[in-house]
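Using this note's numbering, you'd call the opening residue of the sequence shown number 22 and step up by one each time.
Because the hints were derived from the structure by calculation, they are not lab data.
Remember, predicted model here, so these are calculated numbers, not experimental data.
Be careful, since some hints might not be right.
[Stated by the list, open to error] Subject to a maximum C-alpha distance of 20 Å in a straight line, what follows is the list of computed SDA-like cross-link-like pairs (lysine to any residue):
no. : residue 1 : residue 2
1   : 220       : 189
2   : 57        : 71
3   : 876       : 692
4   : 206       : 109
5   : 576       : 802
6   : 771       : 898
7   : 183       : 129
8   : 876       : 444
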Amino acid sequence: MSIPDYMQCAEDHQSVLVVVQPVGIVPEDQFFRIYKRISSVCQQSIRSSQRLLYIRYRHHYPPENNEWGDFQTHRKVVGLIAITTCASAKEWPQTSERFHGQKEVFGSTLYDSRLLVFGLQGEIAEQHRTDVAFYPDCDSCPDLERRVEDFVESIFIVLESKRLDRTTDKSGDKIPLLCVPFEKKDFVGLDTDSRHYKKRCQGRMRKHVGDLCLQAGMLQDALVHYHMAVELLRSVNDFLWLGAALEGLCSASVIFHYPGGTAGKRAARKPSISQAADSGKRHRPGAQELLIDPGALTTNGINADTSSEIGRAKNCLSPEDIIEKYKEAISYYGKYKNAGVIELEACVKAVRVLAIQKRAMEASEFLQNAVYINLGQLSEEEKIQRYSVLSELYDLIGFHRKSAFFKRVAAMQCVAPTIPEPGWRACYKLLLETLPGYCLSLDPKDFSKGTHHGWAAVQMRLLHELVYASRRMGNPGLSVRHLSFLLQTMLDFLSDQEKKEVTQSLENYTSKCPGGMEVITLPDGLKFPPVPFTKLPIVRFVKLLNLPVSLRPHKVKGLLGENMSSKSPFIYSPIILHNRGDERCKKIDFQWVQGAVCEVQLMVYNPMPFELRVENMGLLTSGAEFESLPAALALPAESGLYPVTLVGVPRTVGSITVNGYHTSVFGVNSDCLLEGLPGVKTGGCMVEVVPSLPRLLLSTSLPRSPHVAASEDISSSVALQLFNGETQTLTVTLDNIGTETLETLELSSKIISTKEKLLGDILNWDIQEAQSHLPLLPGCSLSLTVNIRVKLDFSGQENLLPDLSDDGISVTGLPISSPLRQVLKPRPESKALSADPGKNEHTHFKTLEAVMTFKYSGGGGHVEGFYRELCLGIHVDVEPSVFFTRVSTLPATSMRQCHLLLDVFNSTEHELTINAKNNQDLLLYASECQRLLV
Numbered sequence: 022m023s024i025p026d027y028m029q030c031a032e033d034h035q036s037v038l039v040v041v042q043p044v045g046i047v048p049e050d051q052f053f054r055i056y057k058r059i060s061s062v063c064q065q066s067i068r069s070s071q072r073l074l075y076i077r078y079r080h081h082y083p084p085e086n087n088e089w090g091d092f093q094t095h096r097k098v099v100g101l102i103a104i105t106t107c108a109s110a111k112e113w114p115q116t117s118e119r120f121h122g123q124k125e126v127f128g129s130t131l132y133d134s135r136l137l138v139f140g141l142q143g144e145i146a147e148q149h150r151t152d153v154a155f156y157p158d159c160d161s162c163p164d165l166e167r168r169v170e171d172f173v174e175s176i177f178i179v180l181e182s183k184r185l186d187r188t189t190d191k192s193g194d195k196i197p198l199l200c201v202p203f204e205k206k207d208f209v210g211l212d213t214d215s216r217h218y219k220k221r222c223q224g225r226m227r228k229h230v231g232d233l234c235l236q237a238g239m240l241q242d243a244l245v246h247y248h249m250a251v252e253l254l255r256s257v258n259d260f261l262w263l264g265a266a267l268e269g270l271c272s273a274s275v276i277f278h279y280p281g282g283t284a285g286k287r288a289a290r291k292p293s294i295s296q297a298a299d300s301g302k303r304h305r306p307g308a309q310e311l312l313i314d315p316g317a318l319t320t321n322g323i324n325a326d327t328s329s330e331i332g333r334a335k336n337c338l339s340p341e342d343i344i345e346k347y348k349e350a351i352s353y354y355g356k357y358k359n360a361g362v363i364e365l366e367a368c369v370k371a372v373r374v375l376a377i378q379k380r381a382m383e384a385s386e387f388l389q390n391a392v393y394i395n396l397g398q399l400s401e402e403e404k405i406q407r408y409s410v411l412s413e414l415y416d417l418i419g420f421h422r423k424s425a426f427f428k429r430v431a432a433m434q435c436v437a438p439t440i441p442e443p444g445w446r447a448c449y450k451l452l453l454e455t456l457p458g459y460c461l462s463l464d465p466k467d468f469s470k471g472t473h474h475g476w477a478a479v480q481m482r483l484l485h486e487l488v489y490a491s492r493r494m495g496n497p498g499l500s501v502r503h504l505s506f507l508l509q510t511m512l513d514f515l516s517d518q519e520k521k522e523v524t525q526s527l528e529n530y531t532s533k534c535p536g537g538m539e540v541i542t543l544p545d546g547l548k549f550p551p552v553p554f555t556k557l558p559i560v561r562f563v564k565l566l567n568l569p570v571s572l573r574p575h576k577v578k579g580l581l582g583e584n585m586s587s588k589s590p591f592i593y594s595p596i597i598l599h600n601r602g603d604e605r606c607k608k609i610d611f612q613w614v615q616g617a618v619c620e621v622q623l624m625v626y627n628p629m630p631f632e633l634r635v636e637n638m639g640l641l642t643s644g645a646e647f648e649s650l651p652a653a654l655a656l657p658a659e660s661g662l663y664p665v666t667l668v669g670v671p672r673t674v675g676s677i678t679v680n681g682y683h684t685s686v687f688g689v690n691s692d693c694l695l696e697g698l699p700g701v702k703t704g705g706c707m708v709e710v711v712p713s714l715p716r717l718l719l720s721t722s723l724p725r726s727p728h729v730a731a732s733e734d735i736s737s738s739v740a741l742q743l744f745n746g747e748t749q750t751l752t753v754t755l756d757n758i759g760t761e762t763l764e765t766l767e768l769s770s771k772i773i774s775t776k777e778k779l780l781g782d783i784l785n786w787d788i789q790e791a792q793s794h795l796p797l798l799p800g801c802s803l804s805l806t807v808n809i810r811v812k813l814d815f816s817g818q819e820n821l822l823p824d825l826s827d828d829g830i831s832v833t834g835l836p837i838s839s840p841l842r843q844v845l846k847p848r849p850e851s852k853a854l855s856a857d858p859g860k861n862e863h864t865h866f867k868t869l870e871a872v873m874t875f876k877y878s879g880g881g882g883h884v885e886g887f888y889r890e891l892c893l894g895i896h897v898d899v900e901p902s903v904f905f906t907r908v909s910t911l912p913a914t915s916m917r918q919c920h921l922l923l924d925v926f927n928s929t930e931h932e933l934t935i936n937a938k939n940n941q942d943l944l945l946y947a948s949e950c951q952r953l954l955v
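Please model the entire structure based on the sequences and the hints provided.
Here it is, written out as structure tokens:
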């Protein structure tokens, strides 16, 4: 026997074997539909007794295995059901002949047979035969199961008669010697009259009767016969049959202890009436406590009445003894090279029993022994089956990684070099079944939960094999998905060289089949979720940015109450606390504007040892419609945290939630959600979008200021230098560069804090002129004239009034040496002027800063009460024009008037004309001083 049955279990020893085969040409689907109905009759209650007959069906059975039927009767084919189709009466003789030919294959062991004919009608079909049943078609056979039950009862009748014949054999000492096929040549020429030979015959026959009793539903009788066979065979060192007797004893004990069966996935057996009944109600009184006495035998060693046998051991083994006897039986089988299949099947049966007993370590010892059993030259298909069964058995006892190992060996066997047509699909399917054993999942979310489980090196090897197998299957999309999964989940375990090789392979695959975010579904229904590249690059921080100062929306103060009406006036309210939790974490305290370009800043990191090119990187949002503007990045190797700004335009009003970002890396498109990114910090992900507003561009007739603006709110600034009292004209141009019409425009100004004393307003304008151009359509512009005039007090008025009668007071500056026209010279006794112009009294500049604020609105934002602001900063350096350096008086000649003498100094580099009331104009040259009578 060279073909093992890996699905055998201990309870199969009590079943009879029936082969169901097609005769002639029978459609496969039709055959298996009938086979399924036949095999549903798997146990039959015998009407004439309280026993159950179990039937094991096979649609293929090697004839050489049937030759071992005397060794173990459950291997013997005792029934044959043939299925055929016959369209006409002319085909019937040939069909009948084929049926008889099929019976001859198993003819020496068959108890009964049946032929099921479908499609034949007429006289032949009307004949009443017990061994042939005629049906018009496969769907018109309502009594099929009843005929199978009748067939099973006929088998039981033959089985029971054979059991009785063997038990009541009165042929003296002439008990036939039962042999296995390879023993027949060894017994030629033996002395058949020796006591040793007779005991061998008795022991083997006793074991054979035990098999028949077990099949016939007489469990206790079978136990007795097995015990007696063990002692007889042990006495003559007949090890092969001793092992079979021990195995039979184990099987009977397993059936007694585990009436539900040990097959695991198979349907649980219904316990027989004799097993379920109380021990006092069994089919033979006292059978449960039956003991054996080797001396209580007839002359031929077979005693019909086993109830009278009393001996040294109980008839049923304990669960622990079952395993010990299995070990002993297997050790005896191991002595015979030709009994490898028997030994292997015994190991499998023992493992199934140990799995029920939850003794995994002992079961693994049996399996380890099964691995090394030599069965000779096995075909590739038989090797695949053997490794697959070993994998299932290891999984049954909880050795999942060991199970995955043998499953992977079976997968590799499917594509062995010796196979002319490698089965890549079978290989791929088996490799997928190994994933749980190696702590691998097809869902990348399972790898973002923290600690990595399993051996990374083994997992990477398996993923590489999945990539290769899927490519050989002709499914490049699967190759891309598995390679993406490898790169995403095993990135931390890849060396720099492996990272380069994997990415190169991925680029080669995606050049033919780009990777995406769709779920891949196999024909068998298995689904592969998408694999987003959340580590290429790694994102550490996400921040939504406010709009530039000039584009930020502002709410009209009178309308603020409308938005605040839904807020609670209480500091704490337990009723609304749960509603505010997420808002507090996500809500942003600024707003975006419909149609304006908005920004989100990401801090990213490139973990690869080479430059990482990220294409088509944009934002994933929900809520209001948002148009993401994709960007392309080139991150340096191992860049560290690198700022990246992603932009987009809100197209509708409402709330926008930034859920993540999308990228295209190595040809794989990824949608990366923030909630699935570990360690990502964010300042909030939800922002409100207000209706669109017009957008103005401000330009002036003066150059932009090189000075730093006094406030970040100032979007533009100009600088100019004026003499005290001088007037400068500034032309401000406003261009409507947005898409909304400008409807309102307001202008205000303020002086930034200064210690200088101002005389009058600095800025003057006519807003009516600008407002006359409203509404201002997109693409149009308007101009506004602003007059800038600075009047500052450069005199020291705090020292002037008390000393008016002093003829020599120095008001400000240095005293002059003559009251006549003269160029200013420093006093000889004075110190040198400081190099710091700020300390030079006659060249001292004073600085003023003012801000002009343009408030404007229009479009939908104006309806909702929103506006924008443009701030123009004006920086003025004021230089004094004249100094009154000396003041004196003249005696009055009239009671109506008096005269003052003023020494006037021109501190500029230009000629000045001074005009006093009722006086002639006084011309002063640069740095010149003259006396003026007032």
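Right, here's what the structure says about each hint:
no.	hint	result
1	220 <-> 189	18 Å, holds
2	57 <-> 71	27 Å, violated
3	876 <-> 692	41 Å, violated
4	206 <-> 109	49 Å, violated
5	576 <-> 802	25 Å, violated
6	771 <-> 898	17 Å, holds
7	183 <-> 129	14 Å, holds
8	876 <-> 444	76 Å, violated
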